[in-house]
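**Student:** Order-wise, the sequence lines are chains A and B. Under full-length UniProt numbering, the first residue of the first sequence carries the number 1, and numbering increases by one thereafter. Under full-length UniProt numbering, the first residue of the second sequence carries the number 1, and numbering increases by one thereafter.
Calculated directly from the structure, the hints in this document are not laboratory data. Using N, Cα and C, we set each Cβ at its ideal position, and we do this for glycine too. Watch out, some of these pointers could steer you wrong.
Said to hold, decoys possible - In the DSS-like style, the derived pairs of lysine-lysine whose C-alpha atoms are separated by at most 30 angstroms in a straight line are: (1) K36(A) <-> K52(A); (2) K52(B) <-> K57(A); (3) K117(B) <-> K31(A).
To be verified - Estimated spans, in silico, between C-beta atoms of each pair: (4) E55(A) <-> V90(B): 13 to 21 angstroms; (5) P105(A) <-> V44(B): 54 to 62 angstroms; (6) K57(B) <-> E80(A): 42 to 50 angstroms; (7) E50(A) <-> V44(B): 28 to 36 angstroms.
Number of protein chains: 2
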Amino acid sequence: MRDAKAMAATPADVKEYPNSYVFVVDMPGLKSGDIKVQVEDDNVLLVSGERKREEEKEGVKFLRMERRVGKFMRKFVLPENANTDAISAVCQDGVLSVTVQKLPPPQPTKPRTIEVKIA
Amino acid sequence: MRDAKAMAATPADVKEYPNSYVFVVDMPGLKSGDIKVQVEDDNVLLVSGERKREEEKEGVKFLRMERRVGKFMRKFVLPENANTDAISAVCQDGVLSVTVQKLPPPQPTKPRTIEVKIA
């Protein structure tokens with residue numbers, strides 16, 4: 001896991017919604033079970049996985065081999081208002097989407113109305 | 001469709017089986033309906049599609065945009081023994097697999113046995 005050289009990068013988009021951040025990562029050929037989504041150091045979103053080349057079989061020959069296999073990892077530093085207790089992930093058509101909810105903004109101090117009695 | 005500059009390449013593997021060729025192309029985020037598989041000039045397999053960025057919505061901001069969108073195309077010259085009438089394609093987890101059957105090898109001429117009668 002620590003060997004950066006063996007790690008392939010995979011393109012990602014990051015989108016900000018009013019109430020959440022969404023991290024979209026291309027992962028063609030990976031199923032949900034092959035992908036790991038973790039939070040490290042309280043503010044780093046870590047997405048990792050491994051794409052395996054199917055085993056060589058008797059009578060099968062590769063004429064071309066461009067698709068990258070192996071481990072890959074992406075790290076995203078989360079914004080301060082990310083709620084690391086409210087993260088969900090879904091993988092569809094080889095694309096992983098991780099949604100991180102935002103913490104509610106600090107409650108603005110309500111203006112206090114003080115009744116002034118006129119004596 | 002003819003503008004090569006607008007076309008992104010996408011990695012592919014080509015495998016040869018005893019009775020078929022299989023072309024494997026990464027297409028994360030595309031559904032079967034977004035992909036076109038054609039045979040051109042009788043011996044060229046053409047795989048094309050388009051990945052669209054979802055429409056910009058009010059209140060959604062892209063903080064990072066690495067995933068490529070747009071049209072893409074891959075062409076493969078088919079071997080002579082490819083049977084262009086026997087092609088099937090399936091897309092799963094963002095990976096397209098196109099199987100092209102091989103034509104049966106030309107029937108070897110059977111050795112003829114000529115009975116030689118001894119006079």
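**Student:** Decide, hint by hint, whether the structure agrees.
**Tutor:** Status of each hint after checking the structure:
{"no.": "1", "hint": "K36(A) <-> K52(A)", "result": "holds (15 angstroms)"}
{"no.": "2", "hint": "K52(B) <-> K57(A)", "result": "violated (37 angstroms)"}
{"no.": "3", "hint": "K117(B) <-> K31(A)", "result": "violated (71 angstroms)"}
{"no.": "4", "hint": "E55(A) <-> V90(B): 13 to 21 angstroms", "result": "holds (20 angstroms)"}
{"no.": "5", "hint": "P105(A) <-> V44(B): 54 to 62 angstroms", "result": "holds (57 angstroms)"}
{"no.": "6", "hint": "K57(B) <-> E80(A): 42 to 50 angstroms", "result": "violated (24 angstroms)"}
{"no.": "7", "hint": "E50(A) <-> V44(B): 28 to 36 angstroms", "result": "holds (34 angstroms)"}
Violation of the numbered hints given earlier is confined to hints 2, 3 and 6; the remaining hints are satisfied by the structure.
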